[in-house]
Amino acid sequence: MAVRATHGMMLEPTSVTARSGEVTVVAGPPGSGHVALALVLAGRLVPTTGRVRLDGESRPDRIPEVVAVVDCPGVSEPEEAVPLGTAVGEELAYAHASNTPRAITRYLHSRGVSHLAQTRVAEVPGDIRISLFAELAAIRPGVEGLVLVCPDRYGATARHCSDVADSLAEAGYAVVLQLMGNTAMGLDVETARMGVA
1 MAVRATHGMM
11 LEPTSVTARS
21 GEVTVVAGPP
31 GSGHVALALV
41 LAGRLVPTTG
51 RVRLDGESRP
61 DRIPEVVAVV
71 DCPGVSEPEE
81 AVPLGTAVGE
91 ELAYAHASNT
101 PRAITRYLHS
111 RGVSHLAQTR
121 VAEVPGDIRI
131 SLFAELAAIR
141 PGVEGLVLVC
151 PDRYGATARH
161 CSDVADSLAE
171 AGYAVVLQLM
181 GNTAMGLDVE
191 TARMGVA
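Quick note on numbering: UniProt numbering labels position 121 of the sequence shown as 121, and the sequence is numbered without any gaps.
Calculated from the structure, these hints are not laboratory results. Hints are supplied without guarantee of correctness; some may be wrong.
[To be verified] Label pairs and their computed distance ranges (CB to CB):
| no. | residue 1 | residue 2 | range |
| --- | --- | --- | --- |
| 1 | 120 | 59 | 34 to 40 Å |
| 2 | 119 | 48 | 19 to 25 Å |
| 3 | 98 | 21 | 25 to 31 Å |
For glycine and all other residues, C-beta sits at the position ideal for the given N, C-alpha and C.
Make a model of the complete structure from these sequences and hints.
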């Protein structure tokens, strides 16, 4: 699939296959179309060429209901200046879970990060950030697939990102883990490449 805009290519032709219970790693340098790819995979952007299929069928109406885009720049990333507790509360609301102050405190405490409740999202360690926001996206009603958009951009390590993705896949989700090229080289897994169809 590819996405062309009036100013040029937003996404060069790229081929990605994601299956339930599996992780697909997609690597590419910054500026290679990570956001466009995430939006196409989640049914929020129509590709100029190619298509996204769900269970082998073209289902553009259903894809946005079952695929969550996690921490995508300019789309679903939490506001960097707000406290982590506030951002977690917003995500709990998306998941139709209680987001009262007590519920937020309980959630953070159960993950061992209650000490970060008042820390700005921008200052939360990357490995903690991807763990929390991936899990929160996964508990949204109806979600079957997750696209984790370059968590290495805010300091999450390749190994931890892979562990988070593997855990979600073991729970039955189809997971696409997008990483910048240099980060992905640290993983011993088959990797799809941005701009390779």
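Hints, verified against the model:
1. 120 to 59: 34 to 40 Å: Hint holds: Cβ distance 39 Å, inside 34 to 40 Å.
2. 119 to 48: 19 to 25 Å: violated (41 Å)
3. 98 to 21: 25 to 31 Å: holds (29 Å)
Consistency note: the structure conflicts with earlier hint 2 alone.
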